[in-house]
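Top line first, the protein sequences correspond to chains A and B. Per this note's numbering, residue 1 is the first one in the first sequence, and the count goes up by one each step. Per this note's numbering, residue 1 is the first one in the second sequence, and the count goes up by one each step.
These are computed hints drawn from the structure, not numbers from a lab. What you are looking at is a predicted structure, and each value in this text was computed from that prediction instead of being measured. Please note: incorrect hints may appear among the correct ones.
Same chains, same label: a pair holds when it works inside one copy or across any pair of copies.
[Said to hold, decoys possible] Cross-link-like lysine to any residue pairs, in silico, SDA-like; alpha carbons within 25 Å at most:
{"hint": "1", "residue 1": "Lys75", "residue 2": "Ile214"}
{"hint": "2", "residue 1": "Lys51", "residue 2": "Glu203"}
{"hint": "3", "residue 1": "Lys51", "residue 2": "Arg213"}
{"hint": "4", "residue 1": "Lys51", "residue 2": "Pro78"}
There are 2 protein chains.
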Amino acid sequence: MAAHHNVVGPPVHVDQRKMMSKVFVSIGLSLDGYMAPEGMALEHWQTPDYKNWGAKWGALMSWIFNQQYFRDNLKLGPGGETGPVNDLIRRTTERIGANIMGKRMFEQGEISWPEDAPFHTPVYVLTHDKREPWIRPGGTTFYFVNDGPERALELARQAAGHRDIRISGGADAIQQYLNQGVVEELQIALAPVLFCGGRRLFENLREGVSTFRIDGILESPTATHLRYVRE
Amino acid sequence: MAAHHNVVGPPVHVDQRKMMSKVFVSIGLSLDGYMAPEGMALEHWQTPDYKNWGAKWGALMSWIFNQQYFRDNLKLGPGGETGPVNDLIRRTTERIGANIMGKRMFEQGEISWPEDAPFHTPVYVLTHDKREPWIRPGGTTFYFVNDGPERALELARQAAGHRDIRISGGADAIQQYLNQGVVEELQIALAPVLFCGGRRLFENLREGVSTFRIDGILESPTATHLRYVRE
């Protein structure tokens, strides 16, 4: 049947464009531009008092902790807010067909996430470690990719199907994909906190990297949700 | 007459609080946290192609160039937009009783501002240079303060009267006042541009500097206007 006879949806050429996975980033950022405070590292994971990293991280992410969808996903118990911020978290989570993350983020998560890790998709970990896929209950499988970020993105595209690919973090991984010009959307929860040090998101970017435009803003008392799309 | 007999305004103790000058910052910021792109320095002032600083600066400030109040103030000719962004610029400008700026910002401005410099208040310049006050037409007088930022703030407070004190820039000056904990409001026009290098606003901040809360947001296509007040 010719494309224009397809009465159950838009013409096929539009359909195919819609079916392309988008590559996006969705992260919390301190007002001074940090994704993580100083001291938030594997070797201090059990001592959140170290440089006060635990409290700082908590302040950065305070916007999310009481949202129903987030609480449910991390098995933090029932209840929670169900307004527009919750809807944003839900939409962001549900659009993800595959995650990509750096080795450090994985290692920190490995000891923090519940048994039923909160991704529920394939997760491609950029690492030099050779390791068999690690299958978690609830649909999260971690694949360890030794052939660089391009290869990880290729695998993520294959796995994601019609859904999108999230570059989950950390800063290094996001910077690599930004520098390759493949990041199509940036979603930033800008929290009104000053870390005065730590791991910056926007650093090591090459000149002439993609340009973005403002796509939408959602206000909340604990973070400003900024959305940018690549032009 | 006792305060509560004052029928033309609120009681005197409220009045006095209102009369205290606020110290605030109002600046343009790139999405990656820079106030100025690399190459934007006095020695390259006549060559805006150098590291493309002119185009980058233009992109950062594009939100302001076509606003009526700004155009009028800089004598760029008639016309311009008159919506909420214009109102914001007007309110911000009209509340200022004194400006404080760093030496570098002054030196750059000295060769760029029109004869009738766009401040129309006393301006206290932090510098080691000894120099007589420089009086411009239109009410701008530059005073050169050699005794440090505290002294400049003292002088600005005396000059500002009921109005507020703007720490105009550059980054160094703002950082000094942030580190002293005296900045009560931050107004940031966050433009969706990536500079990939330059002069960062949030840097060299001491641990435990003031905490801020989100006070208001004004959306526009070319910049997101974020307002924070000290808690």
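Hints versus structure:
1. In this homomeric assembly, Lys75 and Ile214 never come within 25 Å of each other (Cα to Cα): the closest approach is 33 Å inside a single copy and 30 Å across copies.
2. Both within a single protomer and between protomers do Lys51 and Glu203 lie at most 25 Å apart by alpha-carbon distance, with minima of 22 Å and 18 Å respectively.
3. Taking identical chains as interchangeable, the C-alpha atoms of Lys51 and Arg213 lie at most 25 Å apart only when they sit on different chains, with a minimum of 22 Å there against 36 Å within one chain.
4. Taking CA atoms no more than 25 Å apart as the test, Lys51 paired with Pro78 passes in neither setting, with 32 Å inside one copy and 54 Å between copies.
In the structure shown, a violation is registered for the earlier hints numbered 1, 4, in ascending order.
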